[in-house]
Amino acid sequence: MTDDDDLQAAEHALGLTDASAREASDPAFAAAVDAWRARLDPLLGPERAPPPQLWDRIVARLPANDVAPADPARRWRLATFAASAAAAILLGVVIARPDGTVPVTQAAVPAHMMVASLTPKEGSGVVSITYDKSAGRMVVNPVGMDARGKAPELWVIPADGKPRSLGVVPEKAAATMMVRPEHRAMLAKGVMLALSLEPAGGSPTGQPTGPVVMTGIMSAV
Amino acid sequence: MELVRSAAPPDGDAARERLVGAIAGAAAGDRRAFHELYQRTSAKLYGVCCRILGEGQDAEDALQEAYANVWRRADRFDASRASPITWLAAIARNAAIDRLRARGTRRTAPIDDAYGVADESPRADALLERDSDARRLHGCLAELGGGEAALIRTAFLEGATYSELAERSGEPLGTIKSRIRRALIKLRDCLCR
Numbered sequence: 001m002t003d004d005d006d007l008q009a010a011e012h013a014l015g016l017t018d019a020s021a022r023e024a025s026d027p028a029f030a031a032a033v034d035a036w037r038a039r040l041d042p043l044l045g046p047e048r049a050p051p052p053q054l055w056d057r058i059v060a061r062l063p064a065n066d067v068a069p070a071d072p073a074r075r076w077r078l079a080t081f082a083a084s085a086a087a088a089i090l091l092g093v094v095i096a097r098p099d100g101t102v103p104v105t106q107a108a109v110p111a112h113m114m115v116a117s118l119t120p121k122e123g124s125g126v127v128s129i130t131y132d133k134s135a136g137r138m139v140v141n142p143v144g145m146d147a148r149g150k151a152p153e154l155w156v157i158p159a160d161g162k163p164r165s166l167g168v169v170p171e172k173a174a175a176t177m178m179v180r181p182e183h184r185a186m187l188a189k190g191v192m193l194a195l196s197l198e199p200a201g202g203s204p205t206g207q208p209t210g211p212v213v214m215t216g217i218m219s220a221v
Numbered sequence: 001m002e003l004v005r006s007a008a009p010p011d012g013d014a015a016r017e018r019l020v021g022a023i024a025g026a027a028a029g030d031r032r033a034f035h036e037l038y039q040r041t042s043a044k045l046y047g048v049c050c051r052i053l054g055e056g057q058d059a060e061d062a063l064q065e066a067y068a069n070v071w072r073r074a075d076r077f078d079a080s081r082a083s084p085i086t087w088l089a090a091i092a093r094n095a096a097i098d099r100l101r102a103r104g105t106r107r108t109a110p111i112d113d114a115y116g117v118a119d120e121s122p123r124a125d126a127l128l129e130r131d132s133d134a135r136r137l138h139g140c141l142a143e144l145g146g147g148e149a150a151l152i153r154t155a156f157l158e159g160a161t162y163s164e165l166a167e168r169s170g171e172p173l174g175t176i177k178s179r180i181r182r183a184l185i186k187l188r189d190c191l192c193r
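Protein chains in written order, with full-length UniProt numbering: chain Y, 1 to 221; chain Z, 1 to 193.
Hints listed in this document are in silico derivations from the structure and should not be mistaken for laboratory results. Glycine residues also receive a C-beta, built at the ideal position from the N, C-alpha and C atoms. Hints are all accurate, no fakes.
Among chain Z residues calculated to face chain Y with C-beta under 8 Å, some are: (1) K44; (2) A89; (3) H138.
Computed list of lysine to aspartate or glutamate pairs in EDC-like fashion (alpha-carbon distance at most 16 Å, straight line): (4) Z:K186 x Z:E148; (5) Z:K186 x Y:D4; (6) Y:K162 x Y:E182; (7) Z:K186 x Y:D6; (8) Y:K121 x Z:D75; (9) Z:K177 x Z:E148; (10) Y:K172 x Y:D146; (11) Z:K177 x Y:D4; (12) Y:K150 x Y:E171; (13) Y:K189 x Y:D132; (14) Z:K177 x Y:D18; (15) Z:K177 x Z:E167; (16) Y:K121 x Y:D146; (17) Y:K162 x Y:D56; (18) Z:K186 x Z:E143; (19) Z:K177 x Z:E164; (20) Y:K162 x Z:E36; (21) Y:K133 x Y:E182; (22) Z:K186 x Y:D3; (23) Z:K177 x Y:D6.
Next up, chain Y with everything else stripped away, as it sits in the complex:
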């Protein structure tokens, strides 16, 4: 880092120039930018508690706000969309079968079916979930999941941010499980599902204790 490099880092930290590309690719430059941001930080004012309702507004925006291409959440949404489309086709087939003439339209899909597709942030594997709201029945279908000898546990994370366990799911085979009545209302459109790796038998604490390896968003079919 030359003196000129450091000044360029300062100009970028001040917002006078845009050296984002170099900041992303040059670790020494990024560290210099960070040092300048730290130096200038006191100018950014004292702390101030935000109004309490802001968190809810932030959370409410999250799933609908995924537009950046490099965004993992966008990948979930795309995956969920693909799963929705696949589920719609499957349901369409089922509905069309009896008389063979019913056109497959949105209206033909039962309104109580929901789907989610859980994917890892990195790596492969997917857990497809179909949820029948009227029956409280969830079908979980893992494909290519590696639980590394742990018990995969499925969680719903409603707006309050506190995960509720939906139960331990098999690593290799599809499973049908009944969702406990108190958790059914949480399985609404846009809610996040997550899969963590827990000790055998599931989390001993009632909250995820192992790494969250897959996530996905619930959507209506």
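Based on the hints, put chain Z in the right spot on chain Y.
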């Protein structure tokens, strides 16, 4: 390179590690981790938004935008290159500056008027800030003299570009650039003393 860390809210390695962990959790789509990150950092980030936009609806909107960006970009955070709090504060600053631009009511007054008083002595709220880094920075800015501190503040807190600074100060672009660069060198030397 000497890193001058902000002693602002989470100093200490443990607090920093928790923030790094929470950002990593958010990157993996873990909303609980994201909520923890919000609880630990929202006062800092809202402070940034209020400094740039003033307290109120715009600052609240900027804060929402900032955390939406944090959620989106969490996977790009690299703890070996940046401290979590400066990374987060930069996202909040950018969101607030964007909103300031969208509002279209940026100051166009000559720069020396805009921060005339602040140049001479630390701002009142700086005295309330507990960290000595703040006093040091304000002391070093005051040493710059000649309105250079106002140039730096205007760029940082109003998002003014070089050409806007030139226009507002009525000086050629080249002059403004070299004034700022000289001021930045002096500032760095003063802070590293």
